[in-house]
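A.B. asks: So you can see what is in the structure, the chains are spelled out below.
4 protein chains.
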Amino acid sequence: MEVGFLGLGIMGKAMSLNLLRHGFKVTVWNRTLSKCDELVQHGASIGETPAAVVKKCKYTIAILSDPPAALSVVFDKDGILEQINNEKGYIDMSTVDADTSSKISEAITSRGGRFLEAPVSGSKKPAEDGQLVILAAGNKALYDEVLPAFDVLGKKSFFLGEVGNGAKMKLVVNMTMGSMMNAFAEGIMLAGKSGLNPQNLLDVLDLGAMSNPMFKLKGPTILQKNYTPAFPLKHQQKDMRLALALGDENAVPMPVAAAANEAFKKARSLGLGDLDFSAVFETLKPIGPSSS
Amino acid sequence: MEVGFLGLGIMGKAMSLNLLRHGFKVTVWNRTLSKCDELVQHGASIGETPAAVVKKCKYTIAILSDPPAALSVVFDKDGILEQINNEKGYIDMSTVDADTSSKISEAITSRGGRFLEAPVSGSKKPAEDGQLVILAAGNKALYDEVLPAFDVLGKKSFFLGEVGNGAKMKLVVNMTMGSMMNAFAEGIMLAGKSGLNPQNLLDVLDLGAMSNPMFKLKGPTILQKNYTPAFPLKHQQKDMRLALALGDENAVPMPVAAAANEAFKKARSLGLGDLDFSAVFETLKPIGPSSS
Amino acid sequence: MEVGFLGLGIMGKAMSLNLLRHGFKVTVWNRTLSKCDELVQHGASIGETPAAVVKKCKYTIAILSDPPAALSVVFDKDGILEQINNEKGYIDMSTVDADTSSKISEAITSRGGRFLEAPVSGSKKPAEDGQLVILAAGNKALYDEVLPAFDVLGKKSFFLGEVGNGAKMKLVVNMTMGSMMNAFAEGIMLAGKSGLNPQNLLDVLDLGAMSNPMFKLKGPTILQKNYTPAFPLKHQQKDMRLALALGDENAVPMPVAAAANEAFKKARSLGLGDLDFSAVFETLKPIGPSSS
Amino acid sequence: MEVGFLGLGIMGKAMSLNLLRHGFKVTVWNRTLSKCDELVQHGASIGETPAAVVKKCKYTIAILSDPPAALSVVFDKDGILEQINNEKGYIDMSTVDADTSSKISEAITSRGGRFLEAPVSGSKKPAEDGQLVILAAGNKALYDEVLPAFDVLGKKSFFLGEVGNGAKMKLVVNMTMGSMMNAFAEGIMLAGKSGLNPQNLLDVLDLGAMSNPMFKLKGPTILQKNYTPAFPLKHQQKDMRLALALGDENAVPMPVAAAANEAFKKARSLGLGDLDFSAVFETLKPIGPSSS
Chain A
1 MEVGFLGLGI MGKAMSLNLL RHGFKVTVWN RTLSKCDELV QHGASIGETP AAVVKKCKYT
61 IAILSDPPAA LSVVFDKDGI LEQINNEKGY IDMSTVDADT SSKISEAITS RGGRFLEAPV
121 SGSKKPAEDG QLVILAAGNK ALYDEVLPAF DVLGKKSFFL GEVGNGAKMK LVVNMTMGSM
181 MNAFAEGIML AGKSGLNPQN LLDVLDLGAM SNPMFKLKGP TILQKNYTPA FPLKHQQKDM
241 RLALALGDEN AVPMPVAAAA NEAFKKARSL GLGDLDFSAV FETLKPIGPS SS
Chain B
1001 MEVGFLGLGI MGKAMSLNLL RHGFKVTVWN RTLSKCDELV QHGASIGETP AAVVKKCKYT
1061 IAILSDPPAA LSVVFDKDGI LEQINNEKGY IDMSTVDADT SSKISEAITS RGGRFLEAPV
1121 SGSKKPAEDG QLVILAAGNK ALYDEVLPAF DVLGKKSFFL GEVGNGAKMK LVVNMTMGSM
1181 MNAFAEGIML AGKSGLNPQN LLDVLDLGAM SNPMFKLKGP TILQKNYTPA FPLKHQQKDM
1241 RLALALGDEN AVPMPVAAAA NEAFKKARSL GLGDLDFSAV FETLKPIGPS SS
Chain C
2001 MEVGFLGLGI MGKAMSLNLL RHGFKVTVWN RTLSKCDELV QHGASIGETP AAVVKKCKYT
2061 IAILSDPPAA LSVVFDKDGI LEQINNEKGY IDMSTVDADT SSKISEAITS RGGRFLEAPV
2121 SGSKKPAEDG QLVILAAGNK ALYDEVLPAF DVLGKKSFFL GEVGNGAKMK LVVNMTMGSM
2181 MNAFAEGIML AGKSGLNPQN LLDVLDLGAM SNPMFKLKGP TILQKNYTPA FPLKHQQKDM
2241 RLALALGDEN AVPMPVAAAA NEAFKKARSL GLGDLDFSAV FETLKPIGPS SS
Chain D
3001 MEVGFLGLGI MGKAMSLNLL RHGFKVTVWN RTLSKCDELV QHGASIGETP AAVVKKCKYT
3061 IAILSDPPAA LSVVFDKDGI LEQINNEKGY IDMSTVDADT SSKISEAITS RGGRFLEAPV
3121 SGSKKPAEDG QLVILAAGNK ALYDEVLPAF DVLGKKSFFL GEVGNGAKMK LVVNMTMGSM
3181 MNAFAEGIML AGKSGLNPQN LLDVLDLGAM SNPMFKLKGP TILQKNYTPA FPLKHQQKDM
3241 RLALALGDEN AVPMPVAAAA NEAFKKARSL GLGDLDFSAV FETLKPIGPS SS
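Chains as they are written, first to last, in the working numbering: chain A, 1 to 292; chain B, 1001 to 1292; chain C, 2001 to 2292; chain D, 3001 to 3292.
Chain A with its partners taken away, still in its complex shape (with noise of 0.2 Å):
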């Protein structure tokens, strides 16, 4: 199978290394285009310019930076609209949010293409496992013909219906994620100032029903007051927002969300909106984070 495959960066590489490796075409393009030499090596093409990348493949695969970067492919000069045509298939996997990727679909469909959004859960350890989460959703035919590229780079692919609703799936996920959060942050206070030991609290948390790798992960790094950003505050309070927002359209009260989301405002209110999202439990300390 011949894929073209748009953008470089961590996630991209691992991904065109996976797919090399399986045994996949590959037609690489990267901004700075130096960073296909390693790519070429293992056997990859090279394609000039999005355009040309396009012209070549009838799939073409991009994971970019940010919504200005995945406009831009598609809509610049020697973008992505000057060959797609309905024999084309554009697969995009970048996250972005619901505007930018109606956007992409309205023009690659406008023009007789077909267009899939398929962000990822999962970062650059499971990318390179080929244990990413795909988020897709779009043109089901499209989904289908491509889902053997998608068994490669992910242990899982979801089909989502619509475009707009793999966005959708991320604001929910995430949404949980921040409350679970603040659930154990506060969990994690209780304890301490109840005069019980929090590292006593952890032990048995990952013994019990909730058991979970995020608690694994975050319940020792908080413990050393350790927010080395994963997943910035700030990011997350966004996603809740956006997520709360959601909520508001269909009428859908969720009142710990919304406790949630405004704990995470408190905290960027002190300052930790760049910190690690796990530094949610500073806005439940006695002082603020700059005395204690």
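Certain hints may be false.
Cross-link-like lysine-lysine pairs, in silico, DSSO-like; alpha carbons within 30 Å at most [to be verified]:
#  : chain 1 : residue 1 : chain 2 : residue 2
1  : B       : 1124      : B       : 1156
2  : A       : 193       : A       : 285
3  : A       : 216       : A       : 234
4  : B       : 1103      : D       : 3103
5  : B       : 1216      : A       : 238
6  : C       : 2140      : D       : 3216
7  : D       : 3193      : A       : 285
8  : A       : 156       : B       : 1225
9  : B       : 1234      : B       : 1103
10 : A       : 238       : C       : 2170
11 : A       : 238       : D       : 3285
So the derived label-pair ranges between C-beta atoms look like this [stated by the list, open to error]:
#  : chain 1 : residue 1 : chain 2 : residue 2 : range
12 : A       : 199       : B       : 1123      : 17 to 27 Å
13 : A       : 124       : C       : 2065      : 49 to 59 Å
14 : A       : 217       : B       : 1068      : 35 to 45 Å
15 : C       : 2221      : B       : 1223      : 35 to 45 Å
16 : D       : 3250      : A       : 199       : 33 to 43 Å
17 : D       : 3022      : B       : 1068      : 50 to 60 Å
18 : A       : 195       : B       : 1155      : 17 to 27 Å
19 : D       : 3085      : B       : 1123      : 52 to 62 Å
20 : B       : 1066      : A       : 195       : 22 to 32 Å
21 : A       : 124       : B       : 1041      : 54 to 64 Å
22 : A       : 211       : B       : 1140      : 24 to 34 Å
23 : C       : 2216      : B       : 1223      : 46 to 56 Å
Keep in mind the hints are simulated off the structure, nothing from the lab.
Just so you know, even glycine gets a beta-carbon here, dropped at the ideal spot from N, CA and C.
Dock chains B, C and D against chain A, hints included.
C.D. replies: Then chains B, C and D, alone, in the frame of chain A:
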């Protein structure tokens, strides 16, 4: 090692059988003595009264159904107090409130006896499999001496310090659980109302960092509206109330737990108190459960 | 003093009559011109179009029903922009969102005109009695010049700084109102469920430091389940959402407003959005309104 | 009409003077008897002990500082119980908890006496001016008989039914107050952080439907960071806790009060418990009060 064992309900029967199976000499007592027969077939001796068991055994373990039963075996005629002394240890594994535990502790220790409270996390199946988690507090020397028994009964035991800390740990754990269940319920409802398939959300969550046995167990039953009580909602709400009271004593703000508690109270007001605590999901529905 | 006046709805008619009664020369325009007749009987002149009014008058006041109407009188054919110049002042007293207000402001000022947004607090009765509260923002010199008109229209006017601040002030006020209404509703429900007579609570509140016209007005109607909309619940919820968004921009945690917002969302999910905002009381009831 | 009067603190002195001024014959007692002198100058008689007062007077009113003092005058040697009988009525106007009130009620009625609890709303100034609000509960016939005294002491009295309802009404009122104060604090903070002048918000609120004496009094002091305690924050939080507990008993969800309670707890954790309850405003600030 020889131990007395008081209370042969679902938990006590499984636990005493485990002790017998691992070579402990066990003298059992139960309010309804006929319940002792099966244990006798497995090698247990019978004590006629709690006092008789204590008289015979250096260590006596009890697991009774509720605070009145726990108090009764200690304070009533033929109760433990009649035979307790400085050579005896009493280990109460019942789930009781801190006041009950303190009352028992004071009575035992004032007569020279040694005392451990040791409530467990886990129900019938873990009891049978020796996979309980034991939250012990009180006399440390006694804890060390009965560790061989705890090793048979549980996969892990904790010594948490002074009497009361076992009960507190359970509250902190259950509070975290109640907030997590609300986070989960809101996520499922938001998914459904936003045009996503809630089953997809369960699958995505199960593949990620939040994956945990509780979500795995309760997700499907929530989608089936099956609220057969494993842990009744009214007990969950009571534990959240007590955890919030513990936070109040120690000036710990817990806004997310407070919001979750109100959701459980809303559920109680809808008549759902006797259902499983996952029925808090119903409070998020457009119309009360009577018409849904 | 001569002023133009655009829009003769309930508010505009009462306000322009007040100006006439106090000796202002008023040139009126309304989309349905026949509505001008009554004003003419009280001494008003008629302008054929918004542009004609602006051409004739140094100051033109408008109070339109909604953002599209507010934009239309400015941007459409025969609209204000055709005659605006550096000798003219335009005062928009409509209640519109900040974006609409900014769009109008930019168009007016880019042509040299001066602009004030001036939404009002108060409805029909205060408009008739000249007892409005005017929340003006924009051009301070223009504000000072039209103060004689504001003094006739309102009991008090505020100059709040740059364009947008008038809309923001309304949001802050309405957010406070929404939280207060929830506080009140919870109090009434708690009184009733605790065996107290809710009417006694209303009387006690009315005799103390919290006594206010809103409680006095809404208390009896809540007890009668009379939710005839004075301020529709869905508009209250929208204002809370916008106020929370404003707080989000500025990293202001507002846990109580967030909880109140969720209660209003719950009410919307129960189908109460078109009723009065005091219908949030229904969310506290044991069973949904359909069966109560 | 002749009444006994026990307790001549700030409140009791003002109240007994009012009774004398309106022609009542008053027999006073105070733990420190010298405090009776001023009353004697205004025409009062002195009773040597509570029992002596009750022996002399058909109706005895008490207003003591706290529950132990309230219990002491009833149960101690020379206390009320020694002379109470079916021709006597005892009216306790102290602010005590429901348990204390019940204990006193049972003791009085079991000896044939009649009892009213009658806590008041209002402090020194309203006491002097006869403008208290009286929340009476207990024996209705006794209430009717002492109405002439209540009419002198208060601007309004309520008969609320069975003993305990007076205390409950105070909790409901104070819960509403605590939520309102949070709504107000959040509004002031949002105004300030959004570029509005908070003083303008106070002025706008004061001109509208939410205008109330509490906002009028507390708004300016909040802006001055003047938290001299009129009603200590820790007492406000305690009343919210008790009101939430009352709601818990009766399955009343109160999400806004719960969020407000957590804000007061946060304030306590910041060391603000002894300041005025309006100091909850400080919890909304970017940095803890130590560094602001």
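A.B. asks: Broken hints, numbered, in rising order?
C.D. replies: The structure conflicts with no hint, since it agrees with every one listed earlier.
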